[in-house]
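S.K.: Given chain A, put chain B in place with the hints provided.
This is what each chain is made of:
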Amino acid sequence: MYLVIDPNVIISAVIKKGNISEIFSLNYIIKKFNFIAPNFLILELGNHTAEILEKTYFSEKIMKEELEFVLSQITYIPDEEFNNKFAEAKKILKGHEKDIPYLALALAFNCNILSGDKTFKSIVPDRVKTPK
Amino acid sequence: MVFFSNSNIAKKIRKVAKYNEILSKSKATDKDVEEISNKIKDAIWKHYSKE
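Chains as they are written, first to last, in our numbering: chain A, 1 to 132; chain B, 1001 to 1051.
Check the hints yourself; a few may be wrong.
[What the hints assert, rightly or not] To give an idea of the chain A side of the interface with chain B (calculated C-beta under 8 Å), a few residues:
hint, residue
1, 16
2, 29
3, 50
4, 65
5, 66
6, 67
[What the hints assert, rightly or not] Straight-line Cα separation of at most 20 Å, EDC-like style, residue types lysine to aspartate or glutamate; simulated pairs:
hint, chain 1, residue 1, chain 2, residue 2
7, A, 121, B, 1021
8, B, 1039, A, 51
9, A, 55, A, 44
10, A, 55, A, 65
11, A, 121, A, 68
12, A, 32, A, 68
13, A, 91, A, 81
14, A, 61, A, 51
15, A, 118, B, 1035
16, A, 17, A, 60
17, B, 1046, B, 1035
18, A, 61, B, 1021
19, B, 1018, A, 65
20, B, 1027, A, 51
21, B, 1031, A, 51
22, B, 1015, A, 65
23, B, 1050, A, 79
24, B, 1015, A, 60
25, B, 1018, A, 22
26, B, 1025, A, 60
27, A, 118, B, 1030
If you are wondering where the hints come from, they were derived from the structure by calculation, not from laboratory data. The C-beta atom is built at its ideal place from N, Cα and C for all residues, glycine as well.
Just chain A, with the same shape it has in the complex:
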């Protein structure tokens, strides 16, 4: 079962214990979900490792282990596989443009989105699932 994940979910899984880290822990063993994310997300995460270190007080080695645990469970989808859904996503999200790539990806794969973003959830309640 495909499930789009956004940066909020990834960062939460990497730096904070909670419902999202439990989802990643369980999925590592039972593989219920096939997590997917836009390809560009993994490149951008690399630009924020210093902030992750600063907030967690992890050593660089430990942070890499945590990142690897989370990121290895995600399949990164090239832009050309979902950019034909951008116009439709933009129409649905109106002014909330930052979430267009995640909704476009969900439309392309006909699946839901796991996100902790309350605004995103309020605009697309049927498609966005929040971790509880």
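M.R.: Relative to chain A, chain B alone:
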């Protein structure tokens, strides 16, 4: 645990336990998660809005 000692599932359980043990030592808060993820979302949107 002895039952699983040589299996692939035992390795996975150990890895999950280590992941959670490390996370329990993190000083990060919900606010930190929001702050970093918003910056990443902004940067990603900048990339896609150029296309």
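S.K.: Does each hint hold? Answer for all of them.
M.R.: Okay, the hints, checked on the actual structure:
Taken as an interface hint, residue 16 of chain A checks out: its beta carbon lies about 5 Å from the nearest beta carbon of chain B, inside 8 Å. For residue 29 of chain A, the interface hint holds, since its Cβ comes within 8 Å of a Cβ in chain B; the closest pair sits about 5 Å apart. Given hint, residue 50 of chain A at the interface with chain B, is violated; its Cβ is 10 Å from that chain's nearest Cβ, farther than 8 Å. Evaluation of the residue 65 of chain A hint against chain B yields a held restraint, the C-beta minimum of about 7 Å falling below 8 Å.
Restraint check, residue 66 of chain A versus chain B: the minimum CB separation of about 6 Å is within 8 Å; hint holds. Given the 8 Å rule on beta carbons, the hint for residue 67 of chain A is violated: about 11 Å separates it from the nearest Cβ of chain B. Pair hint residue 121 of chain A plus residue 1021 of chain B does not hold up; C-alpha atoms about 31 Å apart against a cutoff of 20 Å. For a cut-off of 20 Å, the pair hint linking residue 1039 of chain B to residue 51 of chain A stands: about 10 Å separates their Cα positions.
A threshold of 20 Å between alpha carbons decides the hint, and for residue 55 of chain A with residue 44 of chain A the separation of about 18 Å falls inside it, so the pair holds. Of the pairs offered as hints, the one joining residue 55 of chain A and residue 65 of chain A holds, with about 16 Å between alpha carbons and a cut-off of 20 Å not exceeded. With a C-alpha separation of about 28 Å, the suggested pairing of residue 121 of chain A with residue 68 of chain A is violated against the 20 Å cut-off. Pair hint residue 32 of chain A plus residue 68 of chain A holds up; C-alpha atoms about 19 Å apart against a cutoff of 20 Å.
A C-alpha spacing of about 19 Å is found between residue 91 of chain A and residue 81 of chain A, which places the hinted pair at or below 20 Å, so the restraint holds. Distance check on the hinted pair: residue 61 of chain A and residue 51 of chain A sit about 15 Å apart at the alpha-carbon level, within 20 Å; holds. About 14 Å separates the Cα atoms of residue 118 of chain A and residue 1035 of chain B, which keeps this hinted pair within 20 Å; it holds. For the proposed pair residue 17 of chain A and residue 60 of chain A, the alpha carbon gap of about 18 Å is at most 20 Å, so the pair holds.
For the suggested pair residue 1046 of chain B and residue 1035 of chain B, the alpha carbons sit about 17 Å apart, so the restraint of at most 20 Å is met. A hinted pair counts as satisfied when its Cα atoms are at most 20 Å apart, and residue 61 of chain A with residue 1021 of chain B qualifies at roughly 15 Å. Between residue 1018 of chain B and residue 65 of chain A the alpha-carbon distance is near 10 Å, which keeps this suggested pair within the 20 Å criterion. Simply put, residue 1027 of chain B and residue 51 of chain A have alpha-carbon atoms about 12 Å apart, close enough for the 20 Å limit, and the pair holds.
Of the pairs offered as hints, the one joining residue 1031 of chain B and residue 51 of chain A holds, with about 13 Å between alpha carbons and a cut-off of 20 Å not exceeded. Taking the CA atoms of residue 1015 of chain B and residue 65 of chain A, the gap is about 10 Å. The hint holds against a cut of 20 Å. Restraint check for residue 1050 of chain B and residue 79 of chain A: satisfied, since their Cα atoms lie roughly 13 Å apart, inside the 20 Å limit. With a C-alpha separation of about 18 Å, the suggested pair residue 1015 of chain B and residue 60 of chain A falls inside the 20 Å cut-off, and the hint holds.
Distance restraint check for residue 1018 of chain B and residue 22 of chain A: the Cα-Cα separation of roughly 13 Å lies within the 20 Å cut-off, and the hinted pair is therefore satisfied. Distance restraint check for residue 1025 of chain B and residue 60 of chain A: the Cα-Cα separation of roughly 14 Å lies within the 20 Å cut-off, and the hinted pair is therefore satisfied. At roughly 13 Å between alpha-carbon atoms, residue 118 of chain A and residue 1030 of chain B fall within 20 Å of each other, so this suggested pair holds.
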